[in-house]
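Number of protein chains: 2
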Amino acid sequence: MLDIAPSQQAATWLGSLGRALEAGDVDAATNLFVEDCYWRDLLTFTWNIKTMEGQAAIREMLEATLATAKPSHWHFAGEASTDEGIIEAWFTFETIVARGEGILRLQDGRCRTLFTAMSELKGFEEQKGPARPLGIRHKADPDRETWAEARAREARDLGVKQQPYCLVIGGGQAGIMLGARLRQLGVPSLIIEKNARPGDSWRNRYRSLVLHDPVWYDHLPYIPFPENWPVFTPKDKMGDWLEMYTRVMELNYWVATKCVSASYDEAENVWTVVVDRVGQRITLKPKHIVFATGAYGPPRQIALPGAETFKGELLHSSQYSSGEKFRGKKVAVIGAASSGHDVSVDLWESGAEVTMVQRSPTTVVKSDTLMEVGFEIFSEKALARGISTDKADMIVASTPFALVPKGQRALYDVIRARDAAFYDRLRGAGFAIDFGEDETGLLMKAYRTGSGFYIDVGACELIINGEIGVRSGVGIKSLTPSGILFEDGTELAADAIISCTGYQSMNETVAGIVSREVADKVGPCWGLGSGVKGDPGPWQGELRNMWKPTAQEALWFHGGNLALSRFYSKYVALQIKARMEGIATPVYGAPGR
Amino acid sequence: MLDIAPSQQAATWLGSLGRALEAGDVDAATNLFVEDCYWRDLLTFTWNIKTMEGQAAIREMLEATLATAKPSHWHFAGEASTDEGIIEAWFTFETIVARGEGILRLQDGRCRTLFTAMSELKGFEEQKGPARPLGIRHKADPDRETWAEARAREARDLGVKQQPYCLVIGGGQAGIMLGARLRQLGVPSLIIEKNARPGDSWRNRYRSLVLHDPVWYDHLPYIPFPENWPVFTPKDKMGDWLEMYTRVMELNYWVATKCVSASYDEAENVWTVVVDRVGQRITLKPKHIVFATGAYGPPRQIALPGAETFKGELLHSSQYSSGEKFRGKKVAVIGAASSGHDVSVDLWESGAEVTMVQRSPTTVVKSDTLMEVGFEIFSEKALARGISTDKADMIVASTPFALVPKGQRALYDVIRARDAAFYDRLRGAGFAIDFGEDETGLLMKAYRTGSGFYIDVGACELIINGEIGVRSGVGIKSLTPSGILFEDGTELAADAIISCTGYQSMNETVAGIVSREVADKVGPCWGLGSGVKGDPGPWQGELRNMWKPTAQEALWFHGGNLALSRFYSKYVALQIKARMEGIATPVYGAPGR
Chain A
0 MLDIAPSQQA
10 ATWLGSLGRA
20 LEAGDVDAAT
30 NLFVEDCYWR
40 DLLTFTWNIK
50 TMEGQAAIRE
60 MLEATLATAK
70 PSHWHFAGEA
80 STDEGIIEAW
90 FTFETIVARG
100 EGILRLQDGR
110 CRTLFTAMSE
120 LKGFEEQKGP
130 ARPLGIRHKA
140 DPDRETWAEA
150 RAREARDLGV
160 KQQPYCLVIG
170 GGQAGIMLGA
180 RLRQLGVPSL
190 IIEKNARPGD
200 SWRNRYRSLV
210 LHDPVWYDHL
220 PYIPFPENWP
230 VFTPKDKMGD
240 WLEMYTRVME
250 LNYWVATKCV
260 SASYDEAENV
270 WTVVVDRVGQ
280 RITLKPKHIV
290 FATGAYGPPR
300 QIALPGAETF
310 KGELLHSSQY
320 SSGEKFRGKK
330 VAVIGAASSG
340 HDVSVDLWES
350 GAEVTMVQRS
360 PTTVVKSDTL
370 MEVGFEIFSE
380 KALARGISTD
390 KADMIVASTP
400 FALVPKGQRA
410 LYDVIRARDA
420 AFYDRLRGAG
430 FAIDFGEDET
440 GLLMKAYRTG
450 SGFYIDVGAC
460 ELIINGEIGV
470 RSGVGIKSLT
480 PSGILFEDGT
490 ELAADAIISC
500 TGYQSMNETV
510 AGIVSREVAD
520 KVGPCWGLGS
530 GVKGDPGPWQ
540 GELRNMWKPT
550 AQEALWFHGG
560 NLALSRFYSK
570 YVALQIKARM
580 EGIATPVYGA
590 PGR
Chain B
0 MLDIAPSQQA
10 ATWLGSLGRA
20 LEAGDVDAAT
30 NLFVEDCYWR
40 DLLTFTWNIK
50 TMEGQAAIRE
60 MLEATLATAK
70 PSHWHFAGEA
80 STDEGIIEAW
90 FTFETIVARG
100 EGILRLQDGR
110 CRTLFTAMSE
120 LKGFEEQKGP
130 ARPLGIRHKA
140 DPDRETWAEA
150 RAREARDLGV
160 KQQPYCLVIG
170 GGQAGIMLGA
180 RLRQLGVPSL
190 IIEKNARPGD
200 SWRNRYRSLV
210 LHDPVWYDHL
220 PYIPFPENWP
230 VFTPKDKMGD
240 WLEMYTRVME
250 LNYWVATKCV
260 SASYDEAENV
270 WTVVVDRVGQ
280 RITLKPKHIV
290 FATGAYGPPR
300 QIALPGAETF
310 KGELLHSSQY
320 SSGEKFRGKK
330 VAVIGAASSG
340 HDVSVDLWES
350 GAEVTMVQRS
360 PTTVVKSDTL
370 MEVGFEIFSE
380 KALARGISTD
390 KADMIVASTP
400 FALVPKGQRA
410 LYDVIRARDA
420 AFYDRLRGAG
430 FAIDFGEDET
440 GLLMKAYRTG
450 SGFYIDVGAC
460 ELIINGEIGV
470 RSGVGIKSLT
480 PSGILFEDGT
490 ELAADAIISC
500 TGYQSMNETV
510 AGIVSREVAD
520 KVGPCWGLGS
530 GVKGDPGPWQ
540 GELRNMWKPT
550 AQEALWFHGG
560 NLALSRFYSK
570 YVALQIKARM
580 EGIATPVYGA
590 PGR
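If you read the protein sequences in the order shown, they are chains A and B.
Each residue of the first sequence is one higher than the one before, starting from 0 at the first, in numbering that gives the first Met the number 0.
Each residue of the second sequence is one higher than the one before, starting from 0 at the first, in numbering that gives the first Met the number 0.
Some hints could be false.
In the SDA-like style, the derived pairs of lysine to any residue whose C-alpha atoms are separated by at most 25 Å in a straight line are [stated by the list, open to error]:
{"no.": "1", "chain 1": "A", "residue 1": "365", "chain 2": "B", "residue 2": "427"}
{"no.": "2", "chain 1": "B", "residue 1": "390", "chain 2": "B", "residue 2": "128"}
{"no.": "3", "chain 1": "B", "residue 1": "138", "chain 2": "A", "residue 2": "375"}
{"no.": "4", "chain 1": "B", "residue 1": "365", "chain 2": "B", "residue 2": "427"}
{"no.": "5", "chain 1": "B", "residue 1": "390", "chain 2": "A", "residue 2": "223"}
{"no.": "6", "chain 1": "A", "residue 1": "390", "chain 2": "B", "residue 2": "143"}
{"no.": "7", "chain 1": "B", "residue 1": "324", "chain 2": "A", "residue 2": "147"}
{"no.": "8", "chain 1": "A", "residue 1": "193", "chain 2": "A", "residue 2": "284"}
{"no.": "9", "chain 1": "A", "residue 1": "365", "chain 2": "B", "residue 2": "143"}
{"no.": "10", "chain 1": "B", "residue 1": "380", "chain 2": "A", "residue 2": "132"}
Just so you know, the hints here were simulated from the structure itself, not pulled from any lab data.
Throw the hints in and build the complete structure from the sequences for me.
Following this line, the structure appears as structure tokens:
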């Protein structure tokens, strides 16, 4: 078969799949895959975010979903491409309720990976482009309600006369993007945010923060950053953009509002949520709640014996905003991942004498290197090749999580060789480096534990030059009145200690707002079950609890960096919209309901 | 020659032009044009906005400019197209200081119209796309100034420690777009606006106002409206967008600031401008000032004998914001152009009894009709054909003003036929309709006088149904204590009279701020010198004084609807940037300096 043109092979395969599925022939469909195969589905068959690994898993999924999904209209889109014997092709298809798109990869004529994702619900398409709203009726009307009046009425009535169908808890980037998607789908929604203004989640962070990811990776849906936007966005500029976005996308957004409690009535299928809005208690009755309180949960405080004896200031990084008051002071920073580095640089810039206490090795990558070799499909060059942000998102999503480590390992072979001198110098300064237990580097650490890595935007040179001190490879025995006592008996004098020890899982936020019982039923968020430290098995194939049904009916989690929030906000919104419209959403592989 | 492929003909012609110009052979170049030819240039040869009409004018321009412009590198871009024997092709070229682009149209192998426009100044290109700024140095730096700090410092110092190179008077859509262009070109600029917030120029208008032009025609540069934006933007939504835009484009924008006076020091080449900023007098020293105070100048008050005897309220439309207080009242609206119609509808919606007093016939076009036949190249269909807003702008600009009437006349033949029944009914209600002295319709009225037309978004049906009364074809003799006395002896009782009589020319604003002498030296703005009523000759070939050098050194006018402001803001900014950088800008055909 290898002498047949790739496009023809792809079209042939897709035709066979379509016929097998329409005939309900699960055997025939399954046999179109190689043994070591993967099918990643976003909602179309499974109403879940799920990767089926191997023929048996695919067979089982199809047996459970085929009769209700009723897939059809499989059409090959564009030209197929070939890379090292693997044929890749894009396609579109339909189910009974939705339109979908996907990417397939063939190996010797059979499918190695299949990716299927919902594009839109039939009859509930977004009003955009040629279908954009007219905006007004061109007609004189004595009962005319202007746009401004309608917006004011909506804001006045929401939570009072009209209950939001969906309550988004947390108005940072993730909550805002989800709110925008929900509004486009006509789902009455309310975002609540503890800060005073949209964008404050960025503004309130430490002074020198600039996004570590480049602009092409960071776009919000609907309104991409303009052409003149800098590659790396300063935090306050990002704050302004989010504030503007919230306004022009007409989101219902309550500032200075905290979620006090939430409980679900399983009989009535409705939440009772008590919020504190600028000091006033308000009870809301949404049908769904989404936790978008940040990729992580509450601050993780590590046990520091003797902490009560320490005479200086002891802070968690979440409480740190500026190094100004530490000028001339000795400051110990516990933790050597992103926030540990950023806080250390901020302190050093402010004139503090900083020592970083490294508890375990860190995966470090130079920002320039990552830009050149890691962000290939999110770049001006990619745009010039026709790979838009939306396409790049699809390409990233089309690789099953199980296959990501292999590519990442190869990438880090390149990175280690390229920056060998840099890594030698950093190690020479006493800094411990690793690339993960299986040498797969930063991205896999991000997926597995969300911790233990740093994109170098300046700290490493300070460590190499000794401007920022490092204590590594020795445990903390206790704090003393004047600093830190290590297990080897050495001491580190400190006027202040800042714990950059990360955050707990998002489900701890649920424990605080809903109940410990529900938090435990839902279980931790994030992580793949890879079996590495901090990410215990069993293997999940997907990120735990993110963007998909959880063990608690009508409770969702949304978050991640800008790119993940952009991409997955679409699928969270589609799931909630489908439920609002009464579309059947049988979840395949739902967690313990 | 007609059997040669259009693209080859275009390339051949362009090659001949390029060779003639590089050889300095003005005769040869001129002979490449048909006798009845036009060359419209935006800055590249003329450092002016100028249309040369006929071979002699082209010859004269080339003789004056060729040696300094030194054009070269003429390259045909894309495929030529043919329409009714006219070949059209796009091209790029360079001058000694700039890159340019253009559109040529050939007739029997020779040029009928040539359009040349400056794209960018060499060495001063905008930082966008692949050249976008990095935004930060990824390096720890104890002297780091964050983005927020730099913005705050800039705002603090501007007008105090640092003088703006360019002062933009008026922060409506035109001033904001120009400010954005200037900032991208690195021209230190300040926009002053009398209202409290960016966008108030729209928000403060009457309640029911919605843009009459569709979204595809209204985009701002750099940040187009998103795909979900309504076709017709409500005024308050437009206000929010402008406010957001001002913020994220980082414009220096003083609210609640009025220009008190301005005088130019011809020896020092600097303006002394006194502004009132929230009650505080501040003296600024910009090198250039741009009047962007609206397409028109101060309100035009018509003489109404006996006005002092009228017992009711007498307002100009600029003072009208809401019909609420006129509920149940008899209101006469003098004037039957856009504002007359809009105010009448707003009054009717508020429950007033409205009579429109029409002083001269009005050009009326139904909005739907104009959308379908008039905005062909600003539409989703055009986008689908690859005609972006930027391309559409170029196509519009490539037709010399002298040739626009012919096409418009044909368009109005179509419109009149299409909506014949509508026009009959409107005439039947006593409303006088015209399509301009030469039947060229709305657009030509807009260019020539900026008055006398209405895009029907609802008023006409009310007039036809008698909901809004009309008095037409009879002059006003005087006001009486209780209303209007007409020359035929009839009277119209009125509790209030609202003059929708338009605005004076922008140079009257100059008279108020600079001096009568300078205003008279500069002369009126807008209008083509077409010889129709309100637009006296001589024929200009371009809009008077708009977006180009005026008779007063360092004084500019910028304005127009969203589309004109978008397009011409680029050329105003390039002219000012060139002067700031000391690039020679010999103006060909400058008015009376």
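Is the straight-line distance between the alpha-carbon of residue 390 of chain B and that of residue 128 of chain B 25 Å or less? Measuring from Cα to Cα gives roughly 18 Å; hence the hint holds.
Hinted pair residue 365 of chain A and residue 143 of chain B, Cα distance within 25 Å: Satisfied, since the Cα-Cα distance of roughly 20 Å is no more than 25 Å.
25 Å Cα cutoff - pair residue 390 of chain A, residue 143 of chain B: 37 Å, violated
Hint check: residue 380 of chain B vs residue 132 of chain A, CA-CA at most 25 Å. Holds or violated? Holds, at roughly 16 Å.
When you check the alpha-carbon spacing of residue 365 of chain A and residue 427 of chain B, does it fall within 25 Å? 77 Å, violated
Starting from residue 138 of chain B, check that the Cα of residue 375 of chain A is at most 25 Å away, please. This hinted pair holds, its Cα atoms lying about 23 Å apart.
Can the restraint linking residue 324 of chain B and residue 147 of chain A be considered satisfied, given a maximum Cα separation of 25 Å? Status holds; Cα separation ~20 Å.
Assess, step by step, whether the Cα of residue 193 of chain A is no farther than 25 Å from the Cα of residue 284 of chain A, and give holds or violated. OK: residue 193 of chain A and residue 284 of chain A at ~19 Å, within 25 Å.
For the pair supplied as a hint, residue 365 of chain B and residue 427 of chain B, is the alpha-carbon distance within the 25 Å limit? 17 Å, holds
Given hint residue 223 of chain A paired with residue 390 of chain B - CA-CA distance at most 25 Å: Distance of about 21 Å is within 25 Å: holds.
When held up to the earlier numbered hints, the structure conflicts with 1, 6 and fits the remainder.
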